[in-house]
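From first to last, the protein sequence lines stand for chains A and B. 1 is the number of the first residue of the first sequence in our numbering; add one for each residue after it. 1001 is the number of the first residue of the second sequence in our numbering; add one for each residue after it.
Because the hints were derived from the structure by calculation, they are not lab data. It is possible that part of the hints are untrue.
Cβ pair distances, simulated, as ranges [stated by the list, open to error]:
no., chain 1, residue 1, chain 2, residue 2, range
1, B, I1178, A, K119, 37 to 43 Å
2, A, T398, B, L1171, 48 to 54 Å
3, A, Q17, B, K1313, 45 to 51 Å
4, B, W1247, A, T499, 35 to 41 Å
5, A, D137, B, F1327, 56 to 62 Å
6, B, L1096, A, I288, 44 to 50 Å
7, B, L1096, A, M354, 23 to 29 Å
8, B, D1285, A, G325, 41 to 47 Å
9, A, E3, B, F1327, 54 to 60 Å
10, A, E3, B, N1099, 48 to 54 Å
List time: in silico DSS-like cross-link candidates among lysine-lysine, alpha-carbon distance up to 30 Å [what the hints assert, rightly or not]:
no., chain 1, residue 1, chain 2, residue 2
11, A, K262, A, K212
12, A, K65, A, K112
13, B, K1157, A, K90
14, B, K1313, A, K134
To spell it out: a stretch of chain A is covered by chain B in this simulated footprint if at least three of its residues, at any positions, have a beta carbon under 8 Å from a beta carbon of chain B; those stretches are [unchecked claim]:
no., segment
15, 67-78
16, 101-111
Bear in mind the structure is a predicted one, so any value in this text is a computation, not a measurement. Quick reminder that beta carbons are idealized off the backbone N, C-alpha and C, glycines included.
One-letter residues, chain by chain:
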Amino acid sequence: MAEAAVKLVNITKRFGQVTANSNVSLEINKGEILALLGENGSGKTTLMNMLSSIYYPDEGQIIKKKKEVSISSPRIAYELGIGMVHQHFKLVDVLTATENIILGLEGKLNKKEAAGKIKEICDKYGFDINPDQKIYDMSVSQKQTVEIVKVLYRGANILILDEPTAVLTPQESEKLFNVMRNMKADGKALVIITHKMHEVESISDRVAILRKGEYVGSLMTKDTNASEMTDMMVGRSVSLNIARPKPVNPKPRIRVEGLTVKNIEGINKLTDVSFTANSGEILGIAGISGCGQKELLEAIAGLQPAESGSIKYINDVGEEEELLGKDPRKIEELGVALSFVPEDRLGMGLVGNMDLSDNMMLRSFRQGKTPFTERKSPHSLAEKVVDDLEVVTPSIETPVRRLSGGNVQKILVGREIAHAPTVLLTAYAVRGLDINSSYTIYDLINKQKEKGVAVIFVGEDLDVLLEISDKILVLCGGEVSGIVEAEKTDKNTIGLMMTKVMNENTDAKEE
Amino acid sequence: MFDIVAFIPRAIGQSVPLLFGCSGEIITEKSGNLNLGIPGVMYVGGISGVIGAFFYEQSCAGGDMNGFLAIMIPLLCSLTGSLIMGLIYCLLTVTLRANQNVTGLAMTTFGVGIGNFFGGSLIKLSGADVPSIALSRTSAYYSKALPFAANLGWFGKIFLSYGFLCYAAFLIAIVSAIILFKTRAGLHLRAVGENPGTADAAGINVSKYKYLATCIGCMIAGLGGLYYVMDYASGVWSNDAFGDRGWLAIALVIFSIWNPLIGIFASILFGGLYIVYLYIPTGMDYMEFKELYKMIPYVVTLFVLVLTSMRNKRENQPPASLGLSFFREER
């Protein structure tokens, strides 16, 4: 039996009426990677926040080395060797990596010495950071590395990583996993919160499962499989298959020709992009993040001026209309809906301080006839989204920023889909969502497709893209490296196309 | 002719209240508190010193004044007055999380009102026939130059002819820069102003840093008011004489991109601009131009604000959480 690094006994935490954790007991062992699983809002982050002192438990004990401890401040957490890497990084942008890492420590300020120690840690576990680099110059994965080094620098031997891979590319995730294995070999206890089943299977030794704030049980990873874990999480059996109904009567809906978009610095973000999206079809877009996916969707939605090219909207009777240069509002009225889920989720589309129904109203406030806003229909729409997507919220009147990340996202995606579009542009719709909600969203997207909506689906997970899309357009550095039939291709081919442009592979799909 | 040797000491005299205000506000803003109450704090700093000096002068009306007490009493009164202002501001914005802009503006109105109220009362008490009080005996101690300054010609005049508060202003600016950028306390303070959530998670006591920075900042700014009365105005207090210097000090914070060292140059520049109209020869026929020249500092302020808003280097931006209250259990 492995030695327990820290034990949680009968922990309960309430926020007003909501019980986030009820009577949870959990052991975290040395030299073991524990995956903490649960749906969005099942209390995983809250539970871990009590170890890192962000919250204080209402009931229950935390036991370390057979003694009960009271983790009432971040300093005590560090002294106990507990470090947490939060989903939203806790870093000061204008400071360097070193300055961030030593922040809050006592003693004389000696950045050279600190940088030396940081280098030592990096060499030991295989990190790669430049101690003098400013945080705002760093990529997401570099920032995450700084966070982990910060925790190690303080001598943590219990590390908690809250959805570390949600913002990483597959390659970066693999790098992180290697580092995690090094830390495990060093005898550290690791907890990882993640929604990606294949990651759980590849990295963890043991899984602990929470459902609606309660501890369901734990399993050794090698004795279980994705569908058993999902069933435990959800509490009933869930099918992990994505349907792909045959497109019914597809007709060209959006035709993009020779689209070139430059960013502010004058660098091409999209170069000569051409494709056609058909009604009743899902066009998947694959590509390493930052390859022009955002610019492409924004150009179609009228938010991004284009250098050259054309974007034609074709209605049911075949009339064409140029979208480039049109007011975003006019484009919206044609039925083009954009749901882009940025890395920080709240950044686009929702207002954190407004409640659910007001956020629904952001899409519909222009529709009323009188000077007064019409509040009834957004309210019922909010209720419908909460129902359909099982959003965990105290009420419709709760400000969106108080909800957990996944729930915020369900509201955004739910609103855009409910907008009854003719073209649905969606990017990273399931970023950070638990597996059950993800499938609900795939389902909703499929329903839109059956209604004859042209769906453009930007995704990160190639497995999902291959299952849900009819066609997949692969972007590489802002160029189209090919459009392929999803059924006739595989992950490797697409992976290769993501890294280099292969013109001979281009399927001449555009009529 | 433009008399540079006469101009520079006057410009520096003008710049000192600005520099005190600017250093104080930089320290405050680095903690994420936007204290728009600085003009009021400087007023209170001035009047508190005046009250102390007035009663001390009264108590030794016939006899000699003790030089040490003549300096310390107004100084401590002034520091206490501005400290109280700082504590009120912190209580409202840090502990009770009131809106910083509104609180700051209220503090300014309040401070100016307090200044004029007590100023008016003292003028009544002193029974003077002009609407001002003259504390020339205290002022003599405050504006005493270094003894050998007079013997060194233009050098002495430009560099050594000031009272001790003037040197203190420059010293405080330099020391604050060192603390802000070279020490751990400074690093923590900057972290609090940039991202209090992060600072909190790193084990830094956010409220403590905000309180300390704001109160120390207020005390420094209050010295600007004291200097203005005791040294620059030769101990003469009259209501509203302090003018817009407090607002100019806040504008200087932006001009000096939150760096007290740049604040030194910025305040000398603005001190000069403030009085340059007196030194531009216009001749008797064009006296109205003088009125136009008086606009110079304000016009330059406008330009500077436009220019600074166009700079986009991340380090030169205001602290990221400036003006925002910090709630711990908030996402």
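Tested hints:
1. Checked against the given bound of 37 to 43 Å, the beta carbons of B:I1178 and A:K119, roughly 27 Å apart, lie outside it.
2. At about 52 Å, the beta-carbon gap between A:T398 and B:L1171 stays in the expected band of 48 to 54 Å.
3. At about 47 Å, the CB distance of A:Q17 to B:K1313 agrees with the hint of 45 to 51 Å.
4. In this structure the hint that B:W1247 and A:T499 lie 35 to 41 Å apart at CB is violated, the actual value being about 57 Å.
5. A hinted range of 56 to 62 Å is violated for the C-beta pair A:D137 and B:F1327, which are about 29 Å apart.
6. Checked against the given bound of 44 to 50 Å, the beta carbons of B:L1096 and A:I288, roughly 49 Å apart, stay inside it.
7. For B:L1096 paired with A:M354, a C-beta distance near 24 Å keeps the hint of 23 to 29 Å intact.
8. Checking the proposed 41 to 47 Å range against B:D1285 and A:G325 shows it is violated: the Cβ atoms sit about 60 Å from each other.
9. Between A:E3 and B:F1327 the CB atoms are about 39 Å apart, so this pair departs from the stated range of 54 to 60 Å.
10. Taking the beta carbon of each, A:E3 and B:N1099 are about 52 Å apart, inside 48 to 54 Å as hinted.
11. Distance restraint check for A:K262 and A:K212: the Cα-Cα separation of roughly 46 Å exceeds the 30 Å cut-off, and the hinted pair is therefore not satisfied.
12. Among the hinted pairs, A:K65 with A:K112 is inconsistent with the structure: their alpha-carbon atoms are about 35 Å apart, more than 30 Å.
13. This hinted pair does not check out: B:K1157 and A:K90 have alpha carbons roughly 52 Å apart, beyond 30 Å.
14. With a CA separation close to 12 Å, the supplied pair B:K1313 and A:K134 stays within the 30 Å bound.
15. Only residues whose beta carbon comes within less than 8 Å of a beta carbon in chain B count, and the segment 67-78 of chain A has 4; three or more means the coverage holds.
16. Check on the segment 101-111 of chain A: 8 of its residues sit with their Cβ under 8 Å from a Cβ of chain B, so the three-residue criterion for coverage holds.
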